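Dock chain B against chain A, hints included.
This is what each chain is made of:
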Amino acid sequence: MDAAALNNPRVKKLLEEERTKAIANQLVAKLTDACWDKCITGSIGSSFSRSEVSCLSNCAKRYAELKMLTMQKFTSGR
Amino acid sequence: MENSAEMQRFLQQEQQKAMVGEMVGKLTSVCWDKCITSTPGSKFSSGETTCLSNCAQRYLDMSVLIAKRFEMQGSRDF
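Protein sequence lines, in the order shown, are assigned to chains A and B.
Using the working numbering, read the first sequence as starting at 70 and increasing by one per residue.
Using the working numbering, read the second sequence as starting at 26 and increasing by one per residue.
Here chain A stands alone, though its shape is the one from the complex:
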């Protein structure tokens, strides 16, 4: 692959799309992991309880919020 390809707008767009997908996938995996640990603490039922659903929803939002804040702090505050 020669560097001229990197200037191709279609290649650039493709790279950006792939990068976004990879980040999204990684976040979903991490969220699932983190929020399972925080919210599913008792015995496992045949469906999620109301409080578990509420916790999971809050958890996902909080974690994503934290990630964004960390990124902002890290990229601007150095």
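If you are wondering where the hints come from, they were derived from the structure by calculation, not from laboratory data.
This structure is a prediction, so every number in the text was calculated from the model and none was measured.
Think of the CB as a built atom: it goes at the ideal place given N, C-alpha and C, for glycine as much as any other residue.
Take these hints with a grain of salt, some might be off.
Computed footprint of chain B on chain A; a stretch qualifies when at least three of its residues, placed anywhere within it, have a C-beta under 8 Å from a C-beta of chain B [what the hints assert, rightly or not]:
#1 98-109
#2 131-137
Beta-carbon label-pair distances, calculated as ranges [as the list claims (entries may be wrong)]:
#3 32/B <-> 114/A: 50 to 56 Å
#4 83/B <-> 88/A: 28 to 34 Å
#5 66/B <-> 72/A: 45 to 51 Å
Taking beta-carbon pairs under 8 Å as the criterion, some of the chain B residues facing chain A (in silico) [claimed, not checked]:
#6 31
#7 32
#8 35
#9 41
#10 44
#11 45
#12 52
#13 53
#14 61
#15 66
#16 69
#17 71
#18 76
#19 77
Quick look at chain B alone, frame taken from chain A:
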């Protein structure tokens, strides 16, 4: 030759971006574990916010400290 230098630069930038992404992910994960000790709410409590802020700062301080120590150790052994 020109292609190679351009490619090198591109790769370096991508590597930088990946490193920043990794650090942000790590900070988020570590501080989430340390500071969110009860059920996640609809927003971060002030105690959680303080903890998260301190945590990120301390983690970064530690990284710098370790890197410096590692560097010193290396040169001493030579």
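Now the hints, each set against the structure:
Remark: the region 98-109 of chain A is confirmed as covered by chain B, as 5 of its residues place a Cβ nearer than 8 Å to a Cβ of that chain, reaching the required three. Only when three residues or more bring their CB closer than 8 Å to a CB of chain B does the claim for the region 131-137 of chain A stand; here the count is 5, and the claim holds. Take residue 32/B and residue 114/A: their Cβ atoms lie about 54 Å apart, and the range 50 to 56 Å holds. Distance hint for residue 83/B and residue 88/A: a CB-CB separation of about 30 Å, consistent with the stated range 28 to 34 Å.
Hint check: residue 66/B to residue 72/A, Cβ distance near 50 Å, so the stated range 45 to 51 Å holds. Taking 8 Å as the C-beta contact cut-off toward chain A, the hint placing residue 31/B at the interface holds, the least distance being around 4 Å. Look at residue 32/B: its Cβ gets to within about 4 Å of chain A, closer than 8 Å, so that hint holds up. Proximity of residue 35/B to chain A holds as hinted, the smallest CB-CB distance being about 6 Å (cut-off 8 Å).
For residue 41/B, the shortest C-beta to C-beta distance to chain A is roughly 11 Å, which exceeds 8 Å, and the interface hint is violated. Taken as an interface hint, residue 44/B does not check out: its beta carbon lies about 11 Å from the nearest beta carbon of chain A, beyond 8 Å. Among the interface hints, the one on residue 45/B holds; its C-beta lies about 7 Å from the nearest C-beta in chain A, closer than the 8 Å criterion. Hint on residue 52/B holds. Least Cβ distance to chain A is approximately 5 Å, under the 8 Å limit.
The beta carbon of residue 53/B comes within 5 Å of a beta carbon in chain A, closer than 8 Å, and the hint placing it at the interface holds. A hinted interface residue such as residue 61/B counts as satisfied when its beta carbon comes closer than 8 Å to some beta carbon of chain A; here the least separation is about 7 Å, so the hint holds. This hint holds: residue 66/B has a C-beta 6 Å from the nearest C-beta of chain A, less than the 8 Å allowed. The criterion of a C-beta within 8 Å of any C-beta in chain A is met by residue 69/B, whose closest approach is roughly 6 Å, and the hint holds.
The interface hint given for residue 71/B is broken, as the beta carbon of that residue sits about 14 Å from the closest beta carbon of chain A, more than 8 Å. For residue 76/B, the suggested interface contact is broken, since its CB lies about 11 Å from the closest CB of chain A, more than 8 Å. The interface hint given for residue 77/B is met, as the beta carbon of that residue sits about 7 Å from the closest beta carbon of chain A, less than 8 Å.
Violated hints for the displayed structure, listed by number in ascending order: 9, 10, 17 and 18.
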